[in-house]
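> Protein chains in written order, with our numbering: chain A, 732 to 813; chain B, 732 to 813; chain C, 10 to 146; chain D, 10 to 146.
Don't take each hint at face value.
[Stated by the list, open to error] No farther apart than 25 Å at their CA atoms in a straight line, the calculated lysine-lysine pairs in the DSS-like style are these:
(1) K775(A) - K131(C)
(2) K775(B) - K49(D)
(3) K131(C) - K49(C)
(4) K131(D) - K49(D)
Hints in this document: simulated from the structure, not taken from any laboratory.
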Amino acid sequence: MLNIRLFASLRDAAGRSQLEWEWREPLTVEALFENLVRDHPRLKAYRSSLLVAVNEEYSAWDRPLSDGDEVAFFPPVSGGAA
Amino acid sequence: MLNIRLFASLRDAAGRSQLEWEWREPLTVEALFENLVRDHPRLKAYRSSLLVAVNEEYSAWDRPLSDGDEVAFFPPVSGGAA
Amino acid sequence: MIRIVEEPIDVGSVLAELEDPGSGAWVTFDGRVRNHARGKSVTHLFYEAYGPMAVREMEKIRDRAMQRWPLTQLVIVHRVGRLEVGESSVLIAAASPHRSDAFEACRWAIDTLKTTVPIWKKEHYADGEVWVEEYAG
Amino acid sequence: MIRIVEEPIDVGSVLAELEDPGSGAWVTFDGRVRNHARGKSVTHLFYEAYGPMAVREMEKIRDRAMQRWPLTQLVIVHRVGRLEVGESSVLIAAASPHRSDAFEACRWAIDTLKTTVPIWKKEHYADGEVWVEEYAG
Numbered sequence: 732m733l734n735i736r737l738f739a740s741l742r743d744a745a746g747r748s749q750l751e752w753e754w755r756e757p758l759t760v761e762a763l764f765e766n767l768v769r770d771h772p773r774l775k776a777y778r779s780s781l782l783v784a785v786n787e788e789y790s791a792w793d794r795p796l797s798d799g800d801e802v803a804f805f806p807p808v809s810g811g812a813a
Numbered sequence: 732m733l734n735i736r737l738f739a740s741l742r743d744a745a746g747r748s749q750l751e752w753e754w755r756e757p758l759t760v761e762a763l764f765e766n767l768v769r770d771h772p773r774l775k776a777y778r779s780s781l782l783v784a785v786n787e788e789y790s791a792w793d794r795p796l797s798d799g800d801e802v803a804f805f806p807p808v809s810g811g812a813a
Numbered sequence: 010m011i012r013i014v015e016e017p018i019d020v021g022s023v024l025a026e027l028e029d030p031g032s033g034a035w036v037t038f039d040g041r042v043r044n045h046a047r048g049k050s051v052t053h054l055f056y057e058a059y060g061p062m063a064v065r066e067m068e069k070i071r072d073r074a075m076q077r078w079p080l081t082q083l084v085i086v087h088r089v090g091r092l093e094v095g096e097s098s099v100l101i102a103a104a105s106p107h108r109s110d111a112f113e114a115c116r117w118a119i120d121t122l123k124t125t126v127p128i129w130k131k132e133h134y135a136d137g138e139v140w141v142e143e144y145a146g
Numbered sequence: 010m011i012r013i014v015e016e017p018i019d020v021g022s023v024l025a026e027l028e029d030p031g032s033g034a035w036v037t038f039d040g041r042v043r044n045h046a047r048g049k050s051v052t053h054l055f056y057e058a059y060g061p062m063a064v065r066e067m068e069k070i071r072d073r074a075m076q077r078w079p080l081t082q083l084v085i086v087h088r089v090g091r092l093e094v095g096e097s098s099v100l101i102a103a104a105s106p107h108r109s110d111a112f113e114a115c116r117w118a119i120d121t122l123k124t125t126v127p128i129w130k131k132e133h134y135a136d137g138e139v140w141v142e143e144y145a146g
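Pulled out of the complex, with its shape left as it was, chain A reads as follows:
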């Protein structure tokens, strides 16, 4: 099982903040996102600016995932102020 988290506009586009993905076979972050787009076509438009973290650390898109990973997709951050 993969625990998938979505934030900010990405969560709005998917209509939910958390998804569970049943573990079938090894896949990369990129492949996982392509699978998500199939179920949630509105996510596709975000791909070019998207950031991804695996287990709370920024990750490359070609990283292979392991069963049990938490994968977060989110837009560029905008904390802070002024």
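For this one, chain A is given, so just place chains B, C and D on it according to the hints.
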């Protein structure tokens, strides 16, 4: 009459913070200080690093004084912190 | 001190907590909600965080800053949830024996926070709302 | 707000007084008495000011900073008299719509204050005291 003010180590050296100087004839800041040194010889050693203000504004040493001026002599400032 | 909070940030009490007799220079950055942005009037903001990762990234900022400059403290507090105009969203305080290091570290910390810490801001206007998702500098 | 005060500086209440809905960035410099200086242990400090001139020079710093950067506020508070270790001797707060201006102005203001404002510091140690009269940077 000139109102003369001394601060920090300069005041300690002169033993007082305020002096009055009877107005006799036009003189410059520099000449006033030379006169002060006659009465308070310990001030002499401070001359090279001293700052002067006339009527609460920094002044050049060759500025001619006018009757009624307030003249302040003081060492380099050390306000602020760290 | 690295914190994500939901209640208002009280700058005075954070600073009071941070007494340190060896530090002469304290530089703080206090980021507050402005009443205008992108040419529009802002009514309020909403900040959302990926909480555990945001804390980790703020800890990395602190650790890297303390390696790079001779700091005695680096504090980061970020607020989330709904914020009104004038309220503080982020407080960074850097302390060091000499002011130059505190200024540089504080500036670097807020610049880095804005590009690495997973927190997002939604601006609310009289006529709508928008997620701010481009790094605006 | 330009002030010379004899009582402790309360950073929180100064900042609270300065609400300004147009300013997103507040940078403060809070200079505190350190427990060591010149290789010695400091017991306390004494600050003396040429009061009226010090206020005029601090006003000049504020006016020049506000001409040079797009600030909405520049506040300088300096304390005089006896200060204990850990207490604030000076507080400078600069507010602007964008943080870069507030950082630069705050830094410039403290650097300038230390060279132009007629205030002097006497350091007290366990075994003596000395007027600090060289610009130490």
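> Run every hint past the structure and note whether it holds.
These are the hints, each one checked on the structure:
1. K775(A) - K131(C): holds (21 Å)
2. K775(B) - K49(D): Given pair K775(B), K49(D) is violated - Cα atoms ~29 Å apart, limit 25 Å.
3. K131(C) - K49(C): holds (13 Å)
4. K131(D) - K49(D): The hint holds at about 13 Å.
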